[in-house]
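Whenever a hint applies, use it, and build me the whole structure from the sequences.
For the record, the sequence lines run as chains E and B.
Numbering of the first sequence is given in the numbering used here, commencing with residue 11 and proceeding in unit increments.
Numbering of the second sequence is given in the numbering used here, commencing with residue 11 and proceeding in unit increments.
Take these hints with a grain of salt, some might be off.
Since copy identity is lost for identical chains, a pair holds within one copy or between any two.
With a straight-line cut-off of 25 Å between C-alpha atoms, the simulated DSS-like cross-links for lysine-lysine are [unchecked claim]:
(1) 426 <-> 403
(2) 137 <-> 22
(3) 137 <-> 15
(4) 570 <-> 15
(5) 281 <-> 24
(6) 561 <-> 394
(7) 295 <-> 561
(8) 426 <-> 260
(9) 429 <-> 260
(10) 394 <-> 15
Worth flagging that the hints you see were computed from the coordinates, not collected in a lab.
Because the structure is a prediction, the values reported are computed rather than measured.
Number of protein chains: 2
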Amino acid sequence: MKLDKLVGDRFKEKPSDCVIDSHALMLRGGYMKYVANGIFSSYMPLRRITRKIEQIIREEMDAIDGQEVQFPVVLPASLWEESGRYESVGSELLRFEDRNGSKMVLGMTHEEAAVQLVREYGQSYVKYPFMIYQIQTKFRDEARPRAGLIRVREFTMKDAYSFHTSQQDLEQYYYKCHQAYERIFARAGLPEVISVASDSGMMGGSVSHEFMLLTPVGEDSIVLCNSCDYRANMEAAPSIIENMSVENPKPLEKVYTPNIHTIEEICDFLKTPQEQSCKAVVYQKNADDAYVVLFIRGDLEVNETKLRNVLGEEVHPAVITESCGLHPGYIGPVGLPEHITALFDSSLQGAGDLSCGANEEEYHYTGLCMQRDCPDAVYHDFAKVQEGGICPKCGGHTLTVSRGIEVGNIFQLGTKYTKTMNMQYLDQEGKSHYPIMGCYGIGVGRLAASVCEAHHDDYGPIWPMSIAPWQVHLCCMRADNPEVKAYADGLYQALQQAGLEVLYDDRTVSAGVMFSDADLLGVPLRIIASPRNLKENCCEISTRDKSMQIKVPCDAVVDKAQELVQQMLRS
Amino acid sequence: MKLDKLVGDRFKEKPSDCVIDSHALMLRGGYMKYVANGIFSSYMPLRRITRKIEQIIREEMDAIDGQEVQFPVVLPASLWEESGRYESVGSELLRFEDRNGSKMVLGMTHEEAAVQLVREYGQSYVKYPFMIYQIQTKFRDEARPRAGLIRVREFTMKDAYSFHTSQQDLEQYYYKCHQAYERIFARAGLPEVISVASDSGMMGGSVSHEFMLLTPVGEDSIVLCNSCDYRANMEAAPSIIENMSVENPKPLEKVYTPNIHTIEEICDFLKTPQEQSCKAVVYQKNADDAYVVLFIRGDLEVNETKLRNVLGEEVHPAVITESCGLHPGYIGPVGLPEHITALFDSSLQGAGDLSCGANEEEYHYTGLCMQRDCPDAVYHDFAKVQEGGICPKCGGHTLTVSRGIEVGNIFQLGTKYTKTMNMQYLDQEGKSHYPIMGCYGIGVGRLAASVCEAHHDDYGPIWPMSIAPWQVHLCCMRADNPEVKAYADGLYQALQQAGLEVLYDDRTVSAGVMFSDADLLGVPLRIIASPRNLKENCCEISTRDKSMQIKVPCDAVVDKAQELVQQMLRS
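Given below as structure tokens:
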């Protein structure tokens, strides 16, 4: 490919709306273009990268006996009604009607389509296990697309679905797929990706893992242990709190606390630490706007995914009205109006000597003893893990919280979809069962952006050889010099004939423009033909990451390039 | 791949709703599954076929300097409003709103997205020409999906867009693309595909060609000349009629014709040939339901695409009401109510001694002379070409009408999209111009089905080696015989190690089941290991098309298979 014919503009200025580097660099380098909120077109360099990623994924899925299939992007709503998700999934599922008024959806994941495809095939135990996958466009009507290709509405995803006759068989396959994912990320240039236990969310099922690239710009919070190998995402990590048992509890006492509304204010006022307060956080259920008050130790935060999982329904932060019976700033567990649901975080279990609202304007209680004053409270884990929290595996106060980008996920789905969609098989004795499913996703564009996020400098991406848009970037300096031009033209042909993917820049532009374009395109190996080099009968070969810069005799350039490309493909 | 693990069911019965063989065979062979009207999922064998077709297309597009990009499936309506197609395209364009109420469409073709992607890039003449293409899912909300993958709603399409600074440059590229298409169809196993001049329809532009597979089950009508190379589709072929000039026209005379409504009836009644009648065909405009009466010689049929092109708007067959002023069965050009639009087909130009309706219940005219009685008539070509019609190229009465499946199309678009979307470039003198576009489409799934339609027998598809799901189908007869099984297992490994794509059937099923499955899967080369063959220390190798069946010594099977595959790939 000749660079002067490459469609797409490259520019220096950082676009104003970019919050992360990969987004800015991929716009600046002519990789993609904004079409609508969370919707992009790809230019050739990005399409070449995503095709290479797709091929790596395909090879690794085939290696674990995956069968590539294709599901539709547009699905009949009836399939999603069978599974119950037509109702249960929020407005990120795009619903519409076709010209005949039939209800349709845009596929955001394809469990239903997978079951529909194999429901008749999988009627006998002898057909199991099997796995089918596709690499296909998905649409998820995100409320807040952001960060370029990290959170988009339309994206290409590899989604795989496995079917089993026993939990044990699923677990074995799940482990195989986990290893395949490790190979995929390593081959794509991200060996540093880690897997963390995760919450299964709307997918159903129990055990699941997310594959995370740790980076401060990630939008997910991940809990890691400093001293053992415990890793989980924030939703899946239990918050473990050791409360001192209270020997001689103080009495419950009402205190006049005018103009004191927040936990900070009441603890300042009482001169007690926040750990000795009981905070109220108010939500409303999406279904009927009923109020839910969650009580939690004053120094902790609520994880709303945990709350949703316990409630089994969607909630949103409350809008408190005058008539609702709640006194904002003064809400507490004692004397809470009966029509309001009260939930209790485990951090309060057994705690005493707490301050809390008195459910009366301008009054708080002190001396709240949970066991004595809230004897009926049932406790659940609603709290976000904090830095220095207790590791559920090794027990040390060794937890840290990091940020990450989720580049893949795997789920043990169980029978959620096969049951609701009535897919059954007969076992050896002729008895009916529901097959057990696993599902496995990787977002192709997000993976490309994550590689860029992990491997770039101020001047552009540094693509790993395995997914680079081209393998070699050939620069002809002073293309107006006929000798240099003739040599570079010949080298371009020779490199291509040697089977290398070459991007050739023979524009008569300054060295500055030439190199800044090359940096933005991020091709891992660069060859420079210039009048000065040619005088010495050699070329300069360097790597995009600046780790190597050598001079190679003209007649050895092709061989050396081939050798380096092979070496970089292996590493 | 082992056949006993291949997901998908194969069966003998022809599904009742299949009107063409490829549809029936691709359902019977476990290639695809119905999901919704005009929407299918693909199983592994079809996905492997479409991927090979995609790769052939990709290579040929790259060879004519195409740059692979990717446009979104979901597009903002605003882009289609810019081009005017949001309004002008009918309900086959699927329109909907996203969660924020923004109007969106599902891409059915991507001219707008292509212009949006390169509008800034292409601001200088030095960037031209260039071509971008994608291979991506499209959605077209067809009123009547039919014939399996031939007319669907969701499909994968290669769509390419070229941009030029002169009509001459476009024409040169158009020709190059025409040749690339010929190579693509030949490589995919359809060298018999022909190109025909076509009507550009909603795409805009003037010159266009369709690539047609001639087959009686095709849904397009194609006009071919017996004696020269003239080829066009029905919409694009002019109907040429030579009317005798009328020397001494008879007078216009009103005739009482009770209970006579059709052309057949009036011509029987008057004992004149249908050529001597003037037929009225009534339409209504979609926009306002206004009536349009098209007069045409009684023996000819109206081509509605020609009608739409002349009118410049959509029409539908009329619903005639009592108050509309028309007398069905008695409509004629003389005395037609003035508020009704009258159109005249060229077949009537200069004709005389015609019968026609008298615009009065139970009366017709005879002796209609167009020049005398309809002096203001303007004539256009609205008629369908008929067998034996006059060739517009060589002038003989040599036209025949055939049926075909359109497997690709190419359009010279001109500046329709660049003008409406205001894409401009500066020429060498600094003057602004609109670039000239071409666009080029191939439906991947329809091409796969067309290959099946052209190459099958009663038992299944006969896939060409270039796009076959696998290259070799290895049958182990009597897999319960340990010796045969051990040999076949080893051969399976050896064939794969030799780089061949092998489907291996080692099920303990009857020869009948084994061969009927093999026929349905249509793999071009078959190797049979059986106890009888092994006794002679050989295997049987045959081709799916039954043209070859040989015995090959065991130690030469791999080499022979490799040789045959290479040979069949070249042919």
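- With identical chains treated as interchangeable, where does the CA-CA distance between residue 426 and residue 403 reach 25 Å or less: within a copy, between copies, both, or neither? neither (29 Å within a copy, 66 Å between copies)
- Task: Measure nothing new, just compare the shortest in-copy and cross-copy C-alpha distances for residue 281 and residue 24 to 25 Å and report within, between, both or neither.
- Result: Result: close neither inside a copy nor across copies, 49 Å intra and 83 Å inter.
- Can you give me the call for residue 394 and residue 15, within, between, both or neither, at a CA distance of at most 25 Å? neither (52 Å within a copy, 45 Å between copies)
- Item | Within, between, both or neither, where residue 570 and residue 15 count as close if Cα-Cα is 25 Å or less | Answer is neither: 27 Å inside a copy and 45 Å across each miss the 25 Å cutoff.
- Query: Checking residue 295 and residue 561: alpha-carbon separation at most 25 Å within a copy, between copies, both or neither?
  - Reply: Answer is neither: 68 Å inside a copy and 74 Å across each miss the 25 Å cutoff.
- Query: Using 25 Å as the alpha-carbon threshold, which applies to residue 561 and residue 394: within, between, both, or neither?
  - Reply: neither (55 Å within a copy, 72 Å between copies)
- Give the relationship of residue 137 and residue 22 under a CA distance limit of 25 Å: within one copy only, between copies only, both, or neither. between (57 Å within a copy, 20 Å between copies)
- Task: With 25 Å as the alpha-carbon cut-off, assign the pair residue 426 and residue 260 to within, between, both or neither.
- Result: neither (50 Å within a copy, 83 Å between copies)
- Message: Treating 25 Å as the Cα threshold, decide for residue 429 and residue 260: within, between, both or neither.
- Response: neither (54 Å within a copy, 81 Å between copies)
- Message: Please sort residue 137 with residue 15 into within, between, both or neither, judging by C-alpha distance up to 25 Å.
- Response: between (52 Å within a copy, 7 Å between copies)
In terms of the numbered hints stated before, the structure departs from hints 1, 4, 5, 6, 7, 8, 9, 10, listed from lowest to highest.
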